[in-house]
Amino acid sequence: MRFRFFQILACSVFLLVLALPTSEASAQQETVHIVSPSGPYTSLSAALEAAKPGDRIEVHGGVYDGPLLVDKSVELIGIDWPVIDGNSSGTVVMLGAPNTVFSGFVISNSGASLDEENSGIAGEAPNLVIENNRLEETLFGIYLREAEGSIIRGNYIQSKDLDLARRGDPIRVWYSDNVLIEANEVKKGRDVVLWYSEHLTVKDNTITGGRYGLHFMYCDDATITDNLLAYNSVGTFMMYSRRLQLIHNTIAYNHGPSGFGIGLKDMDDALVKDNLFLANRVGAHLDNSPREVDSLGTYEGNVFAYNDIGVNLMPSVRHNQFSSNSFLENQEHVDIGGGGMTKDNQWTVGEIGNFWSDYAGYDQAGDGIGDEEYSADRLFENLTSRHPILRLFIFSPSSQAVDFAAKAVPFVRPQPKLTDSQPLMAPVFPEQLPSLPEESNPLFVWISAGLVILASTAFLRGGGRLTKRVKNHPPSPGHPEVGIMPLIQIRNLTKRFKGTTVVDRLSLDIESGQAVALWGPNGAGKTTTLRCLIGLLPFDGQITVNDTDVRKQGKLVRKQVGFVPQELAFHDDLTVQETVHFYARLKGEASLQDQQFESILARVDLSGHEKKLVRELSGGLKQRLALAVALLADPIILVLDEPTSNLDVHARDDFLDLLLELKTSGMTFIFSSHRLEEIATLADRVLLLKNGKIIADCPPEELSDQTGWNVTLRVLLQKKDLKQALNTLSQHGFVASPNGKGIRVKVTPGHKGRPIRVLSEAGIQVEDFEIEQLNGS
Amino acid sequence: MFSKSFRITIPRHFGKFILLVTIILLAACGSQVDPSQPPEIFYGEDVCSECGMIISDPRFAAAYYTTDGDSKQFDDIGGMAVHHAEHQEQIAQFWVHDFDTEQWLKADQAHFVMSDQIHSPMDYGIVAFSDQARAMEFASTNNAMVMSFEAIMDSFSAGSTSHEHSDS
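Residue numbers (the numbering used here), protein chains in the order written: chain A, 1 to 777; chain B, 1 to 168.
Treat the hints with caution; some may be incorrect.
Claimed, not checked - What the simulated footprint calls covered on chain A by chain B, stretch by stretch (three residues with Cβ under 8 Å from a Cβ of chain B suffice, anywhere in the stretch; the number is not a length):
no., stretch
1, 253-265
2, 271-279
Said to hold, decoys possible - Away from chain A, derived, C-beta distances all over 10 Å, residues of chain B:
no., residue
3, 56
4, 92
5, 119
Rather than coming from a laboratory, the hints here were simulated on the basis of the structure. Even glycine gets a Cβ: it sits at the ideal position worked out from N, Cα and C.
Starting from the given sequences, assemble the full structure and let the hints guide the process.
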């Protein structure tokens with residue numbers, strides 16, 4: 001019995017083992033149904049009828065008639081491109097069961113009824129996978145209704161060659177959340193329509209030659225990435241949706257009617273990031289977006305290049321932030337419908353602005369951010385915003401004339417429509433963007449090259465900057481570089497006030513390390529010249545400082561120039577320390593290190609006065625404070641307007657000593673003065689100004705020769721010495737004449753002590769002396 | 001001094017310029033304002049005054065004239081209704097198209113059908129017919145009713161101007 005039991009058991013196991021592969025094989029036969037022109041099944045509907053949910057139907061080649069209704073959850077896999085032909089009637093394939101996989105077919109010839117929405121593939125069940133099919137000559141391509149969680153991937157869809165108005169939509173997704181549309185190639189359709197569907201993902205698709213690459217309504221939380229939307233009338237128009245993320249797409253040559261790269265209407269909290277908008281009529285068109293008061297539009301890292309208009313804001317569009325975008329050679333970077341300003345839209349976000357290819361500013365600090373703000377205020381642009389028809393004249397001589405008028409006559413210059421306080425110096429180009437096919441995209445290749453060139457130009461500009469920075473260091477005396485190029489060049493400087501010419505065609509070169517005095521009577525034009533030099537006054541002619549044009553880059557010039565005005569305007573209730581820090585912030589040196597602060601104070605001999613209020617300072621100390629402020633940005637040039645005029649004798653000497661020390665360290669000086677002591681002590685060169693013209697340019701010693709104007713020293717002597725003194729002085733080449741109790745001697749500025757020394761050496765005692773003021777002043 | 005030179009030189013030329021522009025603009029649009037004639041829409045080129053989209057499909061396209069001679073065009077009858085509800089312009093004439101013949105119709109003489117099953121450009125789902133019987137037939141196949149233009153406009157007026165759709 002027992003043996004027999006084991007026999008049976010062994011036998012059963014054996015049979016079981018034998019049976020297993022057999023049953024597996026039979027199971028396979030049940031789940032995979034083969035359709036081909038030669039069978040087993042020769043029609044799709046027969047195979048479908050036989051199939052159970054979960055079965056796989058393989059279709060090997062052949063042409064099959066539509067329509068095909070798939071009402072079971074099966075896998076339909078085409079091998080060797082089987083064709084399902086709709087015979088130009090109705091919809092070709094209908095997928096009505098969830099989880100159906102439909103892949104590898106050619107679908108062709110749907111009907112052409114727009115009303116019936118004849119389609120290649122219509123899906124009306126959740127979790128469909130429609131993959132790697134070719135749709136040809138279909139009116140609508142793939143049409144999903146209430147097909148949530150479905151995937152449309154890797155399909156090629158080319159619509160019937162009809163007028164745009166008669167075409168259907170290559171893809172339409174309707175009331176279907178969480179759909180993935182990936183890596184499809186869509187050509188010459190009407191619109192890819194995505195309506196009433198949340199959490200859509202649209203990625204890696206190529207959509208060309210249609211009307212609206214994407215049309216998108218009521219689709220919250222959509223993600224659109226890495227798509228190529230090109231040669232459509234409009235790249236994508238997105239409406240009535242929240243939290244769109246449009247990232248890293250190439251949106252190019254959408255230049256048809258309306259011609260938007262992207263259009264946003266009533267879009268809240270959209271993020272548009274790292275996209276390339278190339279050669280569209282309008283890169284991005286914003287209409288009532290965002291709509292809600294508390295929502296925001298974010299545009300960052302995009303490139304807007306070679307569009308007619310980079311960004312177009314409809315009237316009253318606000319709450320959009322633009323940063324790190326690169327605006328390259330658009331005919332107009334930003335256009336505002338109806339004119340006006342881009343109120344409540346930000347072009348600098350958290351200290352980060354955008355790159356503007358027409359930005360003419362400079363980056364002294366080398367931090368990649370322009371020193372001057374960018375502002376777009378072309379008059380013609382303002383006009384075209386209000387009168388689009390004028391756009392016809394863009395680039396025409398009339399447009400240039402209008403802009404020329406605006407430049408020449410600042411009164412007609414409009415309010416800037418936008419300002420970017422932190423413009424970027426170099427464009428940023430997102431990497432590995434979807435690219436246009438080579439043969440059709442000469443401009444794309446070209447622009448990529450252009451961007452490289454631009455970037456390298458920016459680099460070169462940076463290089464130039466480096467060179468400049470080297471030059472900016474105070475040159476040591478005798479440095480070979482000194483004198484190669486004048487540090488300050490003034491050409492035909494002319495300034496008129498109320499019909500009076502205050503400075504008249506003044507030209508001048510100043511070498512690095514020189515100290516130049518402007519000397520002359522009041523009204524000679526000294527102060528005016530200085531103010532023009534630092535860009536505080538508009539003027540005619542040209543001034544360059546360290547190769548930088550004062551009129552174009554006044555701010556940059558002022559960074560290299562420390563200015564000590566005649567009238568000091570400090571706040572009496574601030575301490576010395578607070579004052580210096582306050583001006584440091586004004587000059588953009590946000591955080592002045594304690595060490596820097598101390599060294600500046602030491603330089604001007606103010607150490608120990610840090611805590612004193614300005615009101616408590618003497619005139620001399622105030623002047624030193626002014627000098628400290630002037631030295632803040634580490635200037636290479638000091639401009640002083642009557643530096644010691646308000647000081648007493650003692651303070652004057654101290655202050656001049658300070659200036660001399662700075663001069664020794666290589667500082668270049670230009671100052672106005674009417675004090676000969678000042679000039680004699682400090683200046684290497686004196687320019688005598690009269691009626692706004694230089695009438696003499698000489699070393700201080702030669703001033704009297706040059707001008708015939710003299711300084712006269714009156715020496716008071718004991719009467720008995722008068723005659724001897726006259727003789728002695730004459731012998732030493734002085735022009736002297738007796739005058740009451742003393743002698744008047746003409747002296748050279750800077751050498752006023754010489755007569756006294758000569759007299760002393762001759763044993764003649766000088767009782768007293770005085771300087772007689774200059775004549776002619 | 002500044003204002004003097006401004007007054008003398010710039011406005012004179014500037015004014016001429018603006019004058020010229022005005023003349024061009026007037027010449028361009030002054031000629032064809034006749035509300036009793038249907039407006040012209042360049043399909044595939046003109047843009048909807050409400051949504052900004054290109055008007056491509058005459059079957060759904062609509063337009064109106066204001067009493068001061070302005071005309072506005074729409075890609076969807078519903079878009080026109082929304083636009084009018086929001087802007088409240090004085091209207092001289094509303095125009096729509098016959099869905100079948102694609103001929104212009106005065107809106108007050110048309111019969112309308114509004115249905116979720118009609119997918120118009122902005123999905124308001126409104127079409128118009130000159131013939132009432134045809135409108136009724138179309139309504140019955142689309143599970144809808146025939147409506148007057150007034151009723152259509154009322155459904156978009158105050159309180160219900162937003163573009164809302166119920167799930168089908």
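Here is how each hint holds up against the structure:
1. 253-265: Since 5 is at least three, the answer is holds.
2. 271-279: As far as the stretch 271-279 of chain A goes, the hint is violated, because 0 residues have Cβ atoms under 8 Å from chain B.
3. 56: violated (4 Å)
4. 92: Since the minimum Cβ distance to chain A is about 24 Å, residue 92 of chain B lies beyond 10 Å and the statement holds.
5. 119: Contrary to the label, residue 119 of chain B does not stay out of reach of chain A, its closest Cβ about 7 Å off (not over 10 Å).
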